[in-house]
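Given only the sequences and the hints, what does the whole structure look like? Please build it.
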Amino acid sequence: MSSDRDHRGMGAGWFLVVSLALALTPLVVGLDGLGFGPADAQFWWSDRVAAGVEGKAARTEGRGPRVIFVGGSSVPFAVRARSLEERIGAPVLPYGLNAGLGIDLIARGAARLIRRGDIVVFAPELQHFRSEGTVNPALRSDWLVMRGMEGMEDPLGHAPLRQWTALRSRWSRYRGQVEWETYAAIVRAIARLKGDREWMQFPGPHGYETRYVDDDGNVTFPRPGPRSPEQWGAWYVLEVAPENYDFEGSIGVRTLEWLARVCAERGAMLMVMPSCHATPPWVGPEFLERVSQREEQWMRIADRLGATRLLEPGATAVGADGAFDSFQHLNDRGAAAIEERLAAALRGVVGEARASRE
Amino acid sequence: MVFSTVGFLFVFLPLTVGAFVAARRCLGVGAGLAVLTAASLAFYGMWNQGHLAVLLGSVVVNCVLAAGLMPGRPWTRALLWAAVGANLLLLGWFKYAAFLSGVLFSAGVLGAALPARALPLGISFFTFQTVAYLVDRARGLAPHMGPWRHLLFISFFPQLVAGPIVHHSEMMPQLDRARASAADGAAGLFILAIGLFKKVVIADSLAYYSDVGFANPAGLPLINAWVLAGTYALQLYFDFSGYSDMATGLARFFGVRLPANFLSPYKATSVAAFWRRWHVTLSEFLKRYVYIPLGGSRAGATRTAVNLMLTMLLGGIWHGAGWTFILWGAIHGAALVVNHAWRGLGVVMPAALGWGLTMAVVLLGWVPFRAESLADAAALWESMLGGSGEIVRGYDGNLLGPAPYLLAGAAAALACPNSVELAERFRPTLPWALWTGGMLAVALAYVLGRIEPPEFLYYEF
Chain A
3 MSSDRDHRGM
13 GAGWFLVVSL
23 ALALTPLVVG
33 LDGLGFGPAD
43 AQFWWSDRVA
53 AGVEGKAART
63 EGRGPRVIFV
73 GGSSVPFAVR
83 ARSLEERIGA
93 PVLPYGLNAG
103 LGIDLIARGA
113 ARLIRRGDIV
123 VFAPELQHFR
133 SEGTVNPALR
143 SDWLVMRGME
153 GMEDPLGHAP
163 LRQWTALRSR
173 WSRYRGQVEW
183 ETYAAIVRAI
193 ARLKGDREWM
203 QFPGPHGYET
213 RYVDDDGNVT
223 FPRPGPRSPE
233 QWGAWYVLEV
243 APENYDFEGS
253 IGVRTLEWLA
263 RVCAERGAML
273 MVMPSCHATP
283 PWVGPEFLER
293 VSQREEQWMR
303 IADRLGATRL
313 LEPGATAVGA
323 DGAFDSFQHL
333 NDRGAAAIEE
343 RLAAALRGVV
353 GEARASRE
Chain B
14 MVFSTVGFLF
24 VFLPLTVGAF
34 VAARRCLGVG
44 AGLAVLTAAS
54 LAFYGMWNQG
64 HLAVLLGSVV
74 VNCVLAAGLM
84 PGRPWTRALL
94 WAAVGANLLL
104 LGWFKYAAFL
114 SGVLFSAGVL
124 GAALPARALP
134 LGISFFTFQT
144 VAYLVDRARG
154 LAPHMGPWRH
164 LLFISFFPQL
174 VAGPIVHHSE
184 MMPQLDRARA
194 SAADGAAGLF
204 ILAIGLFKKV
214 VIADSLAYYS
224 DVGFANPAGL
234 PLINAWVLAG
244 TYALQLYFDF
254 SGYSDMATGL
264 ARFFGVRLPA
274 NFLSPYKATS
284 VAAFWRRWHV
294 TLSEFLKRYV
304 YIPLGGSRAG
314 ATRTAVNLML
324 TMLLGGIWHG
334 AGWTFILWGA
344 IHGAALVVNH
354 AWRGLGVVMP
364 AALGWGLTMA
374 VVLLGWVPFR
384 AESLADAAAL
394 WESMLGGSGE
404 IVRGYDGNLL
414 GPAPYLLAGA
424 AAALACPNSV
434 ELAERFRPTL
444 PWALWTGGML
454 AVALAYVLGR
464 IEPPEFLYYE
474 F
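Protein chains in written order, with my numbering: chain A, 3 to 360; chain B, 14 to 474.
Warning: the hint list may mix true and false statements.
Okay, the calculated beta carbon distance ranges per label pair [unchecked claim]:
hint, chain 1, residue 1, chain 2, residue 2, range
1, B, Tyr109, A, Ser85, 47 to 53 Å
2, A, Glu245, B, Leu420, 49 to 55 Å
3, B, Leu113, A, Glu314, 34 to 40 Å
4, B, Ser119, A, Phe289, 48 to 54 Å
Worth flagging that the hints you see were computed from the coordinates, not collected in a lab. Only a predicted model underlies this, so the values are computations on that prediction, with no experimental measurement involved. Just so you know, even glycine gets a beta-carbon here, dropped at the ideal spot from N, CA and C.
Written as structure tokens, this is what we have:
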């Protein structure tokens, strides 16, 4: 090893300055994550669900009133569309995608399906009202690049503060692939070449492969019983303290206001319900009470906007035996329990909507 | 806190280096060492405060025991056995109790198995360091350190959780004169950059494909199965050697030079040479404190073979409580026995053939090392022997995805100088600065792009 300086050297001090300056470049310009193609393999699952529901929407157009659920992935895990539509006598479209996309992006996708006379059930997850925001920028930019989405004011906004470097620079992979058409074109080409095979191979028996989503966008893999406690995941949902939430300017509130306007313009009925969830076995009744309080807060805003409540806070909770693998993902038993409640609540609504159409 | 996280690189490390430099310059070496000790305990405590108590308890008890270990005294031998036994018992309680009770439960000896416990990070490493110190103390080869120096010897954060396993005789003199200089900082940053690049760019990128493959090991075509074994071999090498490089670079910031842990192991042309290049500090420990005390190669061929097998079985068990690790140790023990016997014949094997056989043993050995169960290992072995009847499958057999990282990793492992050789060539010049900064920039781009960075594989051991 050399001394501090030799005849060819720049000196150890200058070495440190130059190499550290170069090293910090990614932080300064926001370059993060290298490579092409969807940065988040979960894209394919949401893409498959959305494509299925979109196909079904096209096939059921004019057979209204249709019931369109809009929310995170809790929707396809809780709403068994086929059996529910047999019970209520109307087509059911469960447009529920990975919550990390952001509820604004999900709602804009669902809005393309809304027609006059439809019943739109907005069922956002509690995390969409968190003040920090819970957006997965990789997933969101994948979605924007692959599927496109017009009218987004700040397509990569609403990300947690810690991801600011990822989103504030056009050198960022996420923002770059959204804003640079050449980059986006390369990403699309590689993604089409690779297809969803990578995602389909994802290890583990959890069943999140795209082959377990049918042509109507329904989740079809069997979900017999609750997983072990370690697999509940989604711990942030348990942080139900009021200071973590923003019921004025959060992405959830703004999307609710936007969706109310869209429904009014299209002549559709807007209904709301809390997202369906199971109750972790280790939480006490005070936890459910706090969840219900937060749900009540955003539903009051929905009340002011003229939306009707389909299910009240607390009515979308099932016991621990209804969980599949997380707080928001129900198993067959949990989905069956929710179906009873949805069917009971929707029958009258569908009947009235049909009568008013006639 | 993992070395390859934003919190460590941008908060913990600058604060620690800054505080150490300030304390060392203004208040002397004692203050510098106090800062290092405090930072090391904070580093460890951020993982788990309960386990910090285990670490501190181990240091206190061993410090007292070490004080009583005086060569020539009548009680020393018994005290040494008790001290080594206590350390192994602590390790065994956390690491092996659940496994052993499960075996006994299966055999009908116990009525119930113990639940698995969270393993205190680095316990396998600091236990071995402590045992080596105690043994040498009893032999009269080590002075008593005193509690504070003992604490820093065990808790020094660059090598606390996954080595290199350091010997007291090489660490303590360095710690006693620890200092920060620009020259050491430059060299440390260069080695740290190599390690970070290895870990986050190569190892973490291969991890996904390795995880996918080992989750579904049955029925893979022949070539896909070997590619999977190769993927894991490279992932493990770049992960662990990357960690070791980072540890070496970090220690260098404080003027401490850690021993080399990896010397291009995949260039080895025999299994014996592989073990002189792979996890060198563990090999050295096993040789010095297990193989040689058992008699080494001095007592005939049969006894040598037994000693080799016992040493490697212990090496396997050290990595984890499970039959898969025992099998891995047995494979390498048997290979070393064959290697030893071949050497006795005096026939020189062509280097290419030796390399091929060595890599076959190593790759086949990594299968049980990584597999979740013996059944999974057997399934992948079957595929590697052509059991599926297929030669190769397209993308969905994990060929295309890891290819860029596999090729780059293989080239780096087989054709490039290792980090020890590079560090010897290093000079603080502009080209080296650009290389260092470039490696760090690319690595940090990966770090910033990952929301949940993978931990180091050897943290599990």
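Quick rundown of the hints versus the structure:
1. Tyr109/B - Ser85/A: 47 to 53 Å: holds, 51 Å
2. Glu245/A - Leu420/B: 49 to 55 Å: 51 Å Cβ-Cβ, so the 49 to 55 Å window holds.
3. Leu113/B - Glu314/A: 34 to 40 Å: violated, 54 Å
4. Ser119/B - Phe289/A: 48 to 54 Å: Roughly 39 Å apart at Cβ, these two residues miss the hinted range, so it is violated.
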